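Respectively, the protein sequence lines represent chains V and R.
If you read the first sequence in my numbering, its first letter stands for residue 1, the second for the next number, and so on.
If you read the second sequence in my numbering, its first letter stands for residue 398, the second for the next number, and so on.
Hint data in this document are derived by calculation from the structure and do not stem from the laboratory.
Please read all numbers here as calculations on a predicted model, not as lab measurements.
The C-beta atom is built at its ideal place from N, Cα and C for all residues, glycine as well.
Heads up, a few of these hints could be off.
[Stated by the list, open to error] Some but not every residue of chain V turned toward chain R, in silico, with C-beta under 10 Å:
#1 G270
#2 R278
#3 A386
#4 V389
[As the list claims (entries may be wrong)] Using 27 Å as the maximum straight-line C-alpha spacing, the simulated DSSO-like pairs for lysine-lysine come out as follows:
#5 R:K588 to V:K344
#6 R:K868 to V:K341
#7 R:K868 to R:K805
#8 V:K383 to V:K341
#9 V:K135 to V:K351
#10 V:K341 to V:K143
#11 V:K115 to V:K383
#12 V:K325 to V:K383
#13 V:K341 to R:K588
#14 R:K588 to V:K351
#15 V:K143 to R:K866
#16 R:K617 to V:K218
#17 V:K383 to V:K143
#18 R:K617 to R:K588
Read off the chains here:
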Amino acid sequence: MTAEFFGSPQGSYGSYGSYGSYGSYGSYGSYGSYGSYGSYAAFGLPEGPIAAEAFVTTRDGIVGAPLGPIPGTQPGVPNDVQNLQRLSREVRAAIFSFALDTQVELTFEQGQTAKATLWRKEDAHTGKPGCNYKKLARIKAPKMEVFEEQMGFLTGYADIRQDRGAEIISQIPAPVPFYQTIGFIDPARTPYTLELLATGLRFANFCEQQFKYVLAVKRPIELSPQVQPMIATPTHGSLPSGHATEAFVMARLIWKLMLHSGTPQYGAGGHWGEMLMRLAARIATNRTVAGVHYPVDSATGAMLGLTLADFIYDLSTGNGWTTAKFHGHHYAGSSDFEWHKLYKADDDTQKDQSTGPDGVWATATQRTSCSAPDPRLAWLWNKAQAEWVDFNPNPTV
Amino acid sequence: MAYSWTSSSRDEQAPIDALTFTRLSKSLNIRDSDWLSAMVELESISLAELEERLAADYPSDLLLPSAYDKADRSRRPERQFVSLFARRNLIEALNDTQNEYNVVNVHLGLLTPEEWLSFEADAPDLSPIEVPKGSVVTAMIDDGIGIAHELFRAEPEETRVEFCTVLPAPPNPDRGDASQGRVLDADEIDKYLREFTRSDLLDEDQFYSHTAQIDYRQGKFSPVSLRRSHGTHVMGLSTGFAPELNDGTRPIICAVLPPRVVEDTSGISLLPALCLALHVLGKQASRFKYDGEPVPMVTNFSYGNFSGPHDGTSEVSRLFEQFLSSDPEQTRWMTLPAGNGNLARAHAELQFDGKNADGITLDLRVLPDDRTASHVELWMPFSESDPPPDYVSVTVTPPFGPESLTVKAQPGQHQTLLDELGRVVATLLYTFEPAPTARGLITLAIEPTASLDPGRALAPSGRWNICAKPKDIAPDQIVQVWVRRDETLPGYRPGGRQSYFDNGDYVRFGPFGAPLPVDPPDTPSPIRRAGTLSGFACGPSPIVVAAYTKRNEIISYYSAAGPLTHTPMTPEPSRNGPDVAAEGDESLVLWGVVSAGSRSGSYVRLNGTSVSAPRVARKASDAITDWNGTAREWVALAAKEDPFDLPPGTEPERMGHGGITIPIEWS
């Protein structure tokens, strides 16, 4: 798994500096093969001066006298998704990131607490840069007292570190392998699903880091010397939790692929969806166990992740999106993170209202699509979607 | 740091319970307004009378749990154990041998937050519950019971748990039927099962936060939040069935004790909580009726300790007898683990014959970084005379000295070890445990050797010498010594480390390097494996279960052994060790057995006699209805009918009637 492939999700921060051992992608052996795509190395010849010398001498040996122009070559097909198929994964990653990143904008207001709004373009793909935006996700930071009160959770959750240690360490990088334990995801079987997830993770990180930056919420380690996190505290802000954002983006993207695949067991009962969300919630909660996040960070991150996944889905398919708001002043310090308050897995909808002891702390509204699907993202989505369609066991019937 | 011993004046009040006395007399962050749980033993006085007498002297210092209903309060048996909540000054008054409230025994429990107590609670609903023919109430007391595990459900959204009291949680104000503990009945449990099940999957984190079993915000440790929890595992063995096997004949009632983790590091006692749990469960059990008659009950309690008189007269043993006999119309059996202390080096026998005629010295290894107090109990022989004979005298020398003055086995004997600042770091004192135990007890209490509190007085770690010299003791009489259990399980907070005897003549390993599970014949060492049976498991009625290692066909090394301390009141002790041995480990390598994990669908390993006892409880539940004899007679026969072969010559003190094979199939 290369950095290009999975972009820069939370996990990659571990690889900076002295924390290299935490973030190493190398531990996921099965992704190793991706790293070699795009170079000659994939075919068994090491890239380097010796190979180059070999190519030079080979050419010298067989090139022959110069031929004249050879007619008949057609021009390339501009702006056509057919080209995507012939691009390397790293190049496609840049294309997809551009397609997503250029659709959003983030604004900031300072009230009683910081408030940040992520906007999406309303009228994309009209041929000219547009300037109409709609609110995609708004996060108003809770007051300081909430974080102070939430420190009690950090103490309580610390007691189960002995149980969660292996999970926490394994989930420092993008925890894709954990999703592979629920969805049948494998580089050989579902390469485009993995590419879609990587795209989603990069976009989630792109957005969440901006939220974290503008909201500038302090980490638990700055509120008490007794948290003593069991992993290095990332340098970026605490709220929203990047792990929660990315975990729920991944869970919902996979769940959407399953739901819309027509494969019977995925459609009935919502079991896979429920399990994927439970996994996402556990990954998020593990960050509180580790001592680097408050439960409210997870709640905010889950809301953002669910919203971004729906947005990616809309840009890819034109099937509608969700706008969501986090009302930080109504999130009670006594509230733990409960994902069920935000989302209903069996019908894949975000709840209109999420309430707690201090009132409505999150709201969400479903919207119909306000722009045509992006052809590039649609291409990727359809490729990924096809990986989940079951084969007909009785083709003659 | 220099230390010095000082004698206390003889005219100060004599406490009933030494540990209660030392805990209360030192500044242990117990304020006068704090509520403490306690268990008291009353003699010839009813609860109503006690309440009335105390009302005058201590009008606002007593809370008698509402679980004691009107009938309980008016009864006046010769002796009875009662769990109560009281403030410090009242407990101090009750712990005086001269008290005028007919209190003959006191055990201090835990600091209990006031918001965890309900002062207005009414007596609980005890209306009968009709159950099918052949039903047996299966009862459990433990910490961390994952009641939502599918092995305890009748249907995906219907529990088999008819009653559960979570003692370390505030009472539910909407119910108003418990002074302490959150009471959950089947209706409420089912409500949560329905509410938190989505796409056929129960969100158990949500479930346990609503049952008050998990509360991270309060920083309250709950074993159910871990993957492996003792109570869940044990209950899976004693009464776990896949829902499809449910026929309604194994209702569950259970009590969740406070976890074995408390910030009070002076030596906690779970006895008051246990006493309350037994009373509450006993009352509940009587509700289950078929054709107007109570159906039988089998209770498993997989706890043990090292200390106590080990003659069947301890408070715990008698508490169990009180529980088992409190409803004469209901057949009640109980299974208990034999204990895991066989190799703990926590037991010594002092017999002053032959070369020991001048005295015996015990080397007690007190570990550094021990954040909890350590206790050694020297139990004198039984005596009916008053005062009892002055059997031995004891001196104690901490590492680097000095030696204490002599403490004799006589009332009023009391030495304290002070540090340079005059703070108590160790106490050596004599108390008398009244009839039926009727034994003198010399207790050495040693303060923690480490603390994060810079103001705390610390005892030195290292080798403490306890020197006992014979006085008025016959060559065949034995002073029995036990070190109290004081080990904190990994992950729990208090940081206790087990002290143990370190005499050089104790042989730990056999010629091939394996641990020696029995004392070598004619060992000169006073440190013994024999007589390590759990102090809880010495009473006459419960079935006591040892553990075997299946593939190796041996009694597990740790499985504690009899015999009991001889009690002259009866011709023979009520038992000579465990009754039977059941599987505690699959092999020496594959330790433990598999049972329920804390979350549905998960199965984990746990070992010890804690897991062998519930296995027998499971089988007992199938047999109790049709058996006319005692529980122990039944298990003796059951071991013959389904034997597990152990090597010839395995001591009856370790295996009782032998190994028993009990297969467990949950589905």
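Hints violated by the structure (listed by number, smallest first)
When the structure is compared with the hints, numbers 3, 4, 6, 8, 11, 12, 15, 17 turn out to be violated.
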